[in-house]
Amino acid sequence: MLPSTQEIGIHLTAHQVETWPDAQAAVIPADRWRSGKHTTFSLPPLERSVPVCRALVRAWLDGQRIRGEDTRYLVLLVLSELVTNAIQHSGTLRITCRLRRTADELHLEVQDGGGTPWVPRRRSPDHGQERGRGLDLVARSCTQWGRRTGPDNGCTVWATVPLATGAPAGRLPQP
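Quick note on numbering: the sequence shown equals residues 1 to 175 in the numbering used here.
Hints should not be assumed to be uniformly reliable.
[Claimed, not checked] If you anchor each label on the Cβ, the simulated ranges turn out as follows: (1) T19 to D62: 20 to 28 Å; (2) A103 to R58: 19 to 27 Å; (3) T13 to Q88: 31 to 39 Å; (4) R54 to L163: 15 to 23 Å; (5) G68 to D152: 20 to 28 Å; (6) R48 to A103: 31 to 39 Å; (7) R65 to D22: 21 to 29 Å; (8) R140 to A14: 32 to 40 Å; (9) D62 to P151: 36 to 44 Å; (10) R65 to E18: 12 to 20 Å; (11) T102 to T19: 30 to 38 Å.
It is worth saying that the hints were derived from the structure and are not from the lab.
All residues carry an ideal CB built from backbone N, CA and C; glycine is no exception.
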């Protein structure tokens with residue numbers, strides 16, 4: 001689990017999310033993430049925040065010089081699933097994403113502000129169901145994952161992605 005921090009590296013407004021990528025240059029300076037091994041950003045719970053989140057993570061991965069396609073794909077997939085869940089299933093006003101790099105792993109967190117008693121659970125949906133596969137996908141793709149809830153019904157879902165060459169057991173193939 002990542003340490004909780006009050007500092008928000010990037011705090012996006014609804015206007016910035018809606019006008020993305022025009023707002024990108026003002027939000028992400030070219031050398032923003034070259035030296036920092038962790039970052040935090042906050043977004044409004046808009047559907048449009050998911051691709052913006054992916055753009056922010058791509059920029060952070062570039063700054064960290066993480067170029068392995070398997071790792072990049074997995075990080076973007078996991079973060080997309082977690083942010084989408086937070087948007088769809090919470091009544092939050094903000095979603096906070098945290099990324100931290102160690103020598104051999106990336107730790108990801110997505111935290112919502114609650115507003116609903118819904119707690120994310122891993123499911124095994126039937127083949128005909130179109131929804132409910134996100135946390136199963138995360139669990140099968142990462143080395144570790146989990147969740148914790150706060151007294152305000154806020155929820156943090158976290159996952160660990162290896163940086164080493166090769167994929168964790170159960171890694172799903174790219175489409």
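Here's how the hints hold up against the structure:
Checked against the given bound of 20 to 28 Å, the beta carbons of T19 and D62, roughly 22 Å apart, stay inside it. Distance hint for A103 and R58: a CB-CB separation of about 22 Å, consistent with the stated range 19 to 27 Å. For the hinted restraint 31 to 39 Å between T13 and Q88, the CB-CB distance of approximately 21 Å leaves it violated. In this structure the hint that R54 and L163 lie 15 to 23 Å apart at CB holds, the actual value being about 19 Å.
A hinted range of 20 to 28 Å is violated for the C-beta pair G68 and D152, which are about 37 Å apart. The hint said 31 to 39 Å for the Cβ distance between R48 and A103, and at roughly 35 Å that hint holds. Remark: the range hint 21 to 29 Å for R65 to D22 is upheld by a beta-carbon distance near 27 Å. The supplied range of 32 to 40 Å is met by R140 and A14, whose beta-carbon atoms lie about 34 Å from each other.
For the hinted restraint 36 to 44 Å between D62 and P151, the CB-CB distance of approximately 37 Å keeps it satisfied. Our hint of 12 to 20 Å for R65 and E18 is violated, since their Cβ atoms are close to 31 Å apart. Separated by about 35 Å at the C-beta atoms, T102 and T19 satisfy the suggested range of 30 to 38 Å.
When each numbered hint is compared with the structure, violations occur for hints 3, 5 and 10.
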